[in-house]
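Line by line, the protein sequences give chains A and B.
The first sequence begins at 1 in our numbering and counts up by one.
The second sequence begins at 162 in our numbering and counts up by one.
Simulated from the structure, these hints should not be mistaken for laboratory data.
Heads up, the beta-carbon is just placed ideally off N, CA and C, and yes, glycines get one too.
Some hints here could point you the wrong way.
[To be verified] A few chain A residues that don't get close to chain B, going by computed Cβ distances all over 10 Å:
1) 3
2) 4
3) 17
4) 33
5) 56
6) 70
7) 98
8) 104
9) 113
[As the list claims (entries may be wrong)] The calculated DSS-like cross-link candidates involving lysine-lysine, where the alpha carbons are at most 25 Å apart (straight line), are:
10) A/2 - A/158
11) A/158 - B/274
12) A/136 - B/297
13) B/163 - A/158
14) A/158 - B/297
15) B/297 - B/274
16) A/113 - B/319
17) A/113 - A/136
18) B/163 - B/274
19) A/136 - B/274
20) B/319 - B/297
21) A/158 - A/136
[What the hints assert, rightly or not] Simulated coverage check for chain B against chain A, where a stretch passes if three residues somewhere in it have a Cβ under 8 Å from a Cβ of chain A:
22) 216–226
23) 240–246
24) 273–287
Number of protein chains: 2
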Amino acid sequence: MKHLARLEVPGLEVAVRDAARADLPALLSMLADDQLGATRDAPRDDSGPYLAAFEAIERDPAHRLLVCEHAGQVIAMLQLSLIPGLSRRGAWRAQIEAVRTHADYRGRGVGRKFLQWCIGYARSQGCSLVQLTTDKSRADAHRFYAELGFTASHEGMKLQL
Amino acid sequence: MKHLARLEVPGLEVAVRDAARADLPALLSMLADDQLGATRDAPRDDSGPYLAAFEAIERDPAHRLLVCEHAGQVIAMLQLSLIPGLSRRGAWRAQIEAVRTHADYRGRGVGRKFLQWCIGYARSQGCSLVQLTTDKSRADAHRFYAELGFTASHEGMKLQL
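Using the sequences provided together with the hints, build the complete structure.
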């Protein structure tokens, strides 16, 4: 996979690229290695619905599943989706989901640099808004996003079907 | 436009259909006729970015701009987007944006029936989650969505570019 950017993270050589099919086990491990994800995601099953989801994301250019790679290992991930809309004067919005940093690489600034790169990418694609929701129990995440300039202006409402 | 459903709303004959280009002025009026939208949207300019946004939504089958029609008039609107993702076992999510009911038709149950129909539609499309964000100042909206079964489990974070 072609590298989209190199991130300046002290002590690491971090490249941003699109996720590949072969990354799927590493991505599922990161999704599951998380207080909330542990109850929702199964790390060892990289077929079935996970593979179908990977292929649906890959098929549609509106969605990118992005990873940070260091020394041949996937150390962070997120999904970025570009969504058109009428409101806010026909604004395109970039929506970010499934943000994770590998447990061994937390607290080193990888996530911050990754998000900053994504914000710049969203701007380059003509978006005038970046949005995401984060579980109310994730106080660290709220601080992290606030430091990046996000405002917790909305309630994020979910309905399980 | 083909009708997708008829909604049971006492005293009204409400049909759900996709929005058409000719509806755009009515949609922009509803977007602007709102405490928050008034500062963000201009009702009379149905060209330029609004038309481009309408066409982007129309072009991509992942997005539907839906309206409720009564007696030849558009009385409610929303956008429904189907978004694939890895998390929650590769769940598809339906995201709802730009929910508005015409001022003359509020309080009659149109919005509730419209959302209920959309939740059923999301289910029929294989989604396992419906999500939306709503400004923290809209207390009525929070009650409305809670009554429909939504949980305000997340912070909705936005970054203007």
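Structure-based check of each hint:
no.: 1; hint: 3; result: 21 Å, holds
no.: 2; hint: 4; result: 19 Å, holds
no.: 3; hint: 17; result: 16 Å, holds
no.: 4; hint: 33; result: 12 Å, holds
no.: 5; hint: 56; result: 4 Å, violated
no.: 6; hint: 70; result: 20 Å, holds
no.: 7; hint: 98; result: 5 Å, violated
no.: 8; hint: 104; result: 20 Å, holds
no.: 9; hint: 113; result: 16 Å, holds
no.: 10; hint: A/2 - A/158; result: 35 Å, violated
no.: 11; hint: A/158 - B/274; result: 18 Å, holds
no.: 12; hint: A/136 - B/297; result: 14 Å, holds
no.: 13; hint: B/163 - A/158; result: 30 Å, violated
no.: 14; hint: A/158 - B/297; result: 15 Å, holds
no.: 15; hint: B/297 - B/274; result: 23 Å, holds
no.: 16; hint: A/113 - B/319; result: 18 Å, holds
no.: 17; hint: A/113 - A/136; result: 23 Å, holds
no.: 18; hint: B/163 - B/274; result: 19 Å, holds
no.: 19; hint: A/136 - B/274; result: 29 Å, violated
no.: 20; hint: B/319 - B/297; result: 12 Å, holds
no.: 21; hint: A/158 - A/136; result: 12 Å, holds
no.: 22; hint: 216–226; result: holds (count 6)
no.: 23; hint: 240–246; result: holds (count 5)
no.: 24; hint: 273–287; result: holds (count 3)
Going down the numbered hints, you'll see the structure goes against 5, 7, 10, 13 and 19, while the others check out.
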